[in-house]
Structure formats: structure tokens, C-alpha cells
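> Letter by letter, the chains look like this.
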Amino acid sequence: AQSVTQLDSQVPVFEEAPVELRCNYSSSVSVYLFWYVQYPNQGLQLLLKYLSGSTLVESINGFEAEFNKSQTSFHLRKPSVHISDTAEYFCAVSDTGGGNKLTFGTGTQLKVEL
Amino acid sequence: GAGVSQSPSNKVTEKGKDVELRCDPISGHTALYWYRQRLGQGLEFLIYFQGNSAPDKSGLPSDRFSAERTGESVSTLTIQRTQQEDSAVYLCASRGTSSGSDTQYFGPGTRLTVL
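Chains as they are written, first to last, in this note's numbering: chain A, 1 to 114; chain B, 1001 to 1115.
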């Protein structure tokens, strides 16, 4: 069984400030790791993912996440946020075998203010 | 359409009634998933279909919940004798199975309200 913990339910931040959204997971098997984003009144969209290889992965809109196996973490970071980044962010894991069922965290609401 | 579609977008029903939710996956995607998102909580896995294999029903919360999929196309999630705790957004996702197809693409969801 797997579990995902997102400790921060809400993160307020001013525009152009850096942000880190924390994600820790628990699993007895190898995992894939994902961050999904849900903008207001929209569906879930994949932001970035770690499958293998380089532990640092990036999205096209400036977010990055680093897989840390020893700390079982996959924190999401952005050096300078924009108003348009306001959304709910979900961390998820799946096993690397067949099925790839996702186990999600409870989400972090990022609110970017002027 | 290029994405996953779901219908209806909203459904209000009375306690005890049956409801059917529909999902149209991305064409060619052999894997299909149903998840539930209750208010203030993360998404919970419900059921998974992969081609013609027996579905993985390990996430269904009770025998009031069932789902079907016709081949590699449409899926319907049925909730019988709905209860107020069934109120949630029900999300469908599909995934291809070619090399490197590890990403699930989500539909917009069906918001179910049980009065």
C-alpha cells in the first residue's frame, strides 16, 4: 500500500516570491511520482512527473520537483510565482508495475497575492 | 474531441435513487480509471479497466458501486441507492499503453450531490 502526505493545505505567497509545496510518500515498492494541478473551475492537469533517471524534473511553466529517495519526498518548487499559478496542487504516486493506480495527497491550495 | 469527456457535469439526486455517470476516454487509450474526490479530501481510486482483463475493483467502497466498460471505449459508473456520503466529484482518467505511456489524463468530472 502507498500513501502520500501533503502537510500544507494552504500556502499563501506574494507574487514573484519563491514557493515550495511539500510532498512525502510511503511505499514498500518502487514508485513513479507526479504533481497534478487543478486551476479554478478546470480539470486536473499533469504538471510534471518522475519516472527514472535524473531526480530533478521540470515543467514548462517554471516549476521543478526533486525526487529524494532517502527522505521519500518529492517537493515542488518555483523560484518566482505568478498570479496565474493560483491553483490546487496534488502530489500522487503509483507503483511501477501494471495498473499504475494513483494514490493522491489531499492537495495544497496555492494562493498568489499581489 | 482530444480529451476525456464526462457526463453529466452535474447531477443532483435524492437519497435512495440510482445514478449513472459516463466517461468517454481518449481514443485508443486502453486503460481507464475512476476516482472520487470528496470535499476537502484527495482523490480516491475506485476502479481500473485495462483492455479485456478483469477490472481492478479494489477501491469500490461498497457493493452499491459498480462500473462497466465496453471494449476500449465508454465506461459507466453506477451508484445504486445513493447515500448522502456519496456526494463528491467523480473523475475519470484514461491512459495509453504504448512505451512511455505512464500519464493518466483526467476528464472534467461529474459533481454528484445527494440530497
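Calculated directly from the structure, the hints in this document are not laboratory data. Please note: incorrect hints may appear among the correct ones.
[What the hints assert, rightly or not] Reference excerpt, derived from the structure (chain B facing chain A, CB under 8 Å, subset only): (1) Gln1041; (2) Glu1085; (3) Leu1091; (4) Gly1096; (5) Arg1111.
[Claimed, not checked] Here are the simulated DMTMM-like pairs of lysine to aspartate or glutamate, each with C-alpha atoms no more than 20 Å apart in a straight line: (6) A:Lys49 / B:Asp1063; (7) A:Lys69 / A:Glu113; (8) A:Lys111 / A:Asp8; (9) B:Lys1017 / B:Asp1056; (10) B:Lys1057 / B:Glu1068; (11) B:Lys1057 / A:Asp95.
Remember, predicted model here, so these are calculated numbers, not experimental data. Beta carbons: idealized from backbone N, C-alpha and C, even for Gly.
> Checked against the structure, which of the hints given earlier come out wrong?
2, 4, 5, 6, 7 and 9
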